[in-house]
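J.: Residues per chain, in single letters:
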Amino acid sequence: QKEVEQDPGPLSVPEGAIVSLNCTYSNSAFQYFMWYRQYSRKGPELLMYTYSSGNKEDGRFTAQVDKSSKYISLFIRDSQPSDSATYLCATYSGGGADGLTFGKGTHLIIQP
Amino acid sequence: DAGVTQSPTHLIKTRGQQVTLRCSPKSGHDTVSWYQQALGQGPQFIFQYYEEEERQRGNFPDRFSGHQFPNYSSELNVNALLLGDSALYLCASSPTDSGANVLTFGAGSRLTVL
Numbered sequence: 001q002k003e004v005e006q007d008p009g010p011l012s013v014p015e016g017a018i019v020s021l022n023c024t025y026s027n028s029a030f031q032y033f034m035w036y037r038q039y040s041r042k043g044p045e046l047l048m049y050t051y052s053s054g055n056k057e058d059g060r061f062t063a064q065v066d067k068s069s070k071y072i073s074l075f076i077r078d079s080q081p082s083d084s085a086t087y088l089c090a091t092y093s094g095g096g097a098d099g100l101t102f103g104k105g106t107h108l109i110i111q112p
Numbered sequence: 113d114a115g116v117t118q119s120p121t122h123l124i125k126t127r128g129q130q131v132t133l134r135c136s137p138k139s140g141h142d143t144v145s146w147y148q149q150a151l152g153q154g155p156q157f158i159f160q161y162y163e164e165e166e167r168q169r170g171n172f173p174d175r176f177s178g179h180q181f182p183n184y185s186s187e188l189n190v191n192a193l194l195l196g197d198s199a200l201y202l203c204a205s206s207p208t209d210s211g212a213n214v215l216t217f218g219a220g221s222r223l224t225v226l
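Protein chains in written order, with the working numbering: chain A, 1 to 112; chain B, 113 to 226.
By construction, these hints were calculated from the structure, which means they are not laboratory data.
For each residue, glycine too, the CB sits at the ideal point set by N, CA and C.
Heads up, a few of these hints could be off.
Below, in silico cross-link-like pairs of lysine-lysine (DSSO-like), each with a Cα-Cα straight-line distance of 27 Å or less [to be verified]: (1) K125/B - K56/A; (2) K125/B - K104/A; (3) K104/A - K70/A.
Counterexamples of contact, computed for chain B against chain A with all Cβ distances above 12 Å [unchecked claim]: (4) T126; (5) Q153; (6) S177; (7) N183; (8) N189; (9) N191; (10) D197.
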């Protein structure tokens with residue numbers, strides 16, 4: 001079992017829809033949870049990070065972490081064609097342990 | 113702010129050759145990490161450098177080595193290249209006090225091994 005599981009998609013939704021992206025993880029030592037966005041032929045760009053369980057909102061983006069079920073979510077409201085990209089979830093245990101552990105990424109397509 | 117810069121952007125090598133990739137971290141960042149991203153996969157952690165020393169290492173063989181210079185820039189070296197080493201190699205930097213390991217990535221160096 002991979003440490004971070006993520007459906008690779010593609011996920012195609014119409015412009016303006018609410019998008020839900022999800023990951024599950026297996027290592028209960030993970031404390032930090034991130035979402036990166038990666039456009040084609042570019043490096044990943046940090047969207048949001050959260051520590052432990054809870055919600056965090058930034059504009060049209062909301063990140064949720066449920067440590068009891070080991071479930072990570074990213075919601076995008078009022079989706080735009082410019083949101084079309086690959087979204088990578090990542091986890092980190094903190095305290096000088098290994099680097100980030102990434103999921104495979106979900107390819108998101110917003111149809112105009 | 114130029115962010116994280118990597119060179120070269122693309123390169124092609126043959127099996128058995130050696131390659132060196134270079135990275136300049138974002139201004140104000142002193143920690144550099146390297147990741148390998150195969151096609152259709154998420155990035156995988158190779159190693160991290162801080163104060164010119166390898167501080168952490170992922171599950172990669174000794175063919176993968178690195179270096180960090182006093183100006184915080186870094187190199188990734190891969191010896192005895194295999195076809196499976198074909199990937200996007202990402203450099204990421206962070207400040208010392210990034211307890212959450214919040215990384216800024218470069219655009220990557222795409223390596224093709226024939």
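J.: Could you tell me which of the hints above the structure violates, numbers in ascending order?
T.: 1, 5
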